[in-house]
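Under my numbering, the first residue of the sequence shown carries the number 7, and numbering increases by one thereafter.
Source of the hints: derived by calculation from the structure; they are not laboratory data.
Take the hints with a grain of salt, since some may be wrong.
[Claimed, not checked] Mimicking DSSO-like on lysine-lysine, the simulated pairs with C-alpha atoms at most 27 Å apart in a straight line are:
(1) Lys-401 x Lys-221
(2) Lys-302 x Lys-401
(3) Lys-302 x Lys-221
[Claimed, not checked] Computed Cβ-Cβ distance ranges for the label pairs, DEER-style:
(4) Val-38 x Leu-146: 34 to 44 Å
(5) Val-32 x Ser-301: 46 to 56 Å
(6) Glu-255 x His-309: 52 to 62 Å
(7) Arg-329 x Asn-367: 44 to 54 Å
Positions of the beta carbon are idealized from the N, C-alpha and C atoms, including for glycine.
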Amino acid sequence: MSTTATVPPESSKASMLYDPKVRGLVYQGALVVGIGLLFYLATTNAIDNLRAARIASGFGFLSSTSGFDVNQTLVPYNATSTYGQAFLVGLLNTLLVAVIGCILATFLGFAMGIARLSSNWIVAKTAMVYVEVIRNLPLLLQLLFWYIAVLRPLPDARNSVSMGAGFFLNNRGLFVPRPLFAADAWLVWAALAVGIVGSVAFAVFARRTQEQTGKQYPVVLTSLALVLGLPLLVWLVLGLVTANPISFEMPEQQRFNLRGGLQVIPEFVALTLGLVVYTSGFIAEVVRAGILAVSKGQSEAAHALGLRSGPTLKLVVIPQAMRVIIPPLTSQYLNLTKNSSLAVAIGYPDLVQVFMGTVLNQTGQAIECVAITMAVYLTISLITSAGMNIYNSRKALVER
Numbered sequence: 007m008s009t010t011a012t013v014p015p016e017s018s019k020a021s022m023l024y025d026p027k028v029r030g031l032v033y034q035g036a037l038v039v040g041i042g043l044l045f046y047l048a049t050t051n052a053i054d055n056l057r058a059a060r061i062a063s064g065f066g067f068l069s070s071t072s073g074f075d076v077n078q079t080l081v082p083y084n085a086t087s088t089y090g091q092a093f094l095v096g097l098l099n100t101l102l103v104a105v106i107g108c109i110l111a112t113f114l115g116f117a118m119g120i121a122r123l124s125s126n127w128i129v130a131k132t133a134m135v136y137v138e139v140i141r142n143l144p145l146l147l148q149l150l151f152w153y154i155a156v157l158r159p160l161p162d163a164r165n166s167v168s169m170g171a172g173f174f175l176n177n178r179g180l181f182v183p184r185p186l187f188a189a190d191a192w193l194v195w196a197a198l199a200v201g202i203v204g205s206v207a208f209a210v211f212a213r214r215t216q217e218q219t220g221k222q223y224p225v226v227l228t229s230l231a232l233v234l235g236l237p238l239l240v241w242l243v244l245g246l247v248t249a250n251p252i253s254f255e256m257p258e259q260q261r262f263n264l265r266g267g268l269q270v271i272p273e274f275v276a277l278t279l280g281l282v283v284y285t286s287g288f289i290a291e292v293v294r295a296g297i298l299a300v301s302k303g304q305s306e307a308a309h310a311l312g313l314r315s316g317p318t319l320k321l322v323v324i325p326q327a328m329r330v331i332i333p334p335l336t337s338q339y340l341n342l343t344k345n346s347s348l349a350v351a352i353g354y355p356d357l358v359q360v361f362m363g364t365v366l367n368q369t370g371q372a373i374e375c376v377a378i379t380m381a382v383y384l385t386i387s388l389i390t391s392a393g394m395n396i397y398n399s400r401k402a403l404v405e406r
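Produce the entire structure from the sequences given, and follow the hints as far as they go.
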């Protein structure tokens, strides 16, 4: 007698809630609803509080008169300018510190990173002490050190230190010759642009030629001749044919003060020095790690071919180490840019001090000022990351 198995009905199948895909969709939907609810509650609460405090929301305040001055401006600005122009002043001051700081920190960090691997005991230990001390001291403390302990004790304007060539140093900052541009000065800038483009093109040509034939060209000297020599030549020619396209207003020592010239405020100097020194300590470790990641056999092979230590480091080790250096170097650039917001501690008029400080206090537009400032830092970080990622993709190994 044969028996047949009974097929369980469809209703006995496992519930859909035990399906991982279904559970995932349910959880994600609940998360989206929860985030939306929190955003709705925060928005309505903020609107109610603004109405209760009789504060108008929106960005119309940007066109109102600011009524305050800023001691460093890269664009025309005074107390009759608008809050929007004050935002631009703070943004440009932040970008100025970030760009100069990243460039100087890169050079100093590379020098210290290479020095840490030097065969000279004194050089290596000095670099090690520099890196360990700088990395383990708070950045805010270093900024206060440069501003209070180094720059503030300088002599007053009456007793300014003359550094020659129209440079004066005192506790109000560094006074340097101010460039004055004539109507035909654009030709000098055009020559500079042509020189930069030409130097980049020549560097690409020299690299491709070296890869194909092994022949090397003097890239550094040629680039300097194009970038510096060409604008200088145009400047001299215009000075002989017409009036001098670029002249300089020299600072003059008066009885109680300095008159004329261009003032570099001590807050800018202290902030730049602090950010450069602090960030260079971290970049030095990044560079050291990248060099150590290159196989020692690469250096031995280069020495076997007759290359000395300097060319070996420049032509063999550093190009390979850049594949390891670039990703963490990007993080250090982002950190330097964001750390520049500590400028408020020493009174440098960056975006945070001008916009989130003075403008916010005068207008009461806290949400708008904070949102704009956050958006600016986010945009700067994303642009920096995108640029470094493009550079990193050019240096990365390409699999065949």
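Evaluated hints:
With a C-alpha separation of about 21 Å, the suggested pair Lys-401 and Lys-221 falls inside the 27 Å cut-off, and the hint holds. As the CA atoms of Lys-302 and Lys-401 are separated by approximately 20 Å, the hinted pair is consistent with the 27 Å bound. Between Lys-302 and Lys-221 the alpha-carbon distance is near 25 Å, which keeps this suggested pair within the 27 Å criterion. For Val-38 and Leu-146, the Cβ-Cβ distance of about 39 Å falls inside the hinted range of 34 to 44 Å, so the restraint holds.
Range check, Val-32 to Ser-301: about 51 Å between beta-carbon atoms, so the 46 to 56 Å window is met. At roughly 54 Å, the beta carbons of Glu-255 and His-309 sit within the given window of 52 to 62 Å. About 47 Å separates the C-beta atoms of Arg-329 and Asn-367, a value consistent with the hinted range of 44 to 54 Å.
In the structure shown, no violation is registered for any of the earlier numbered hints.
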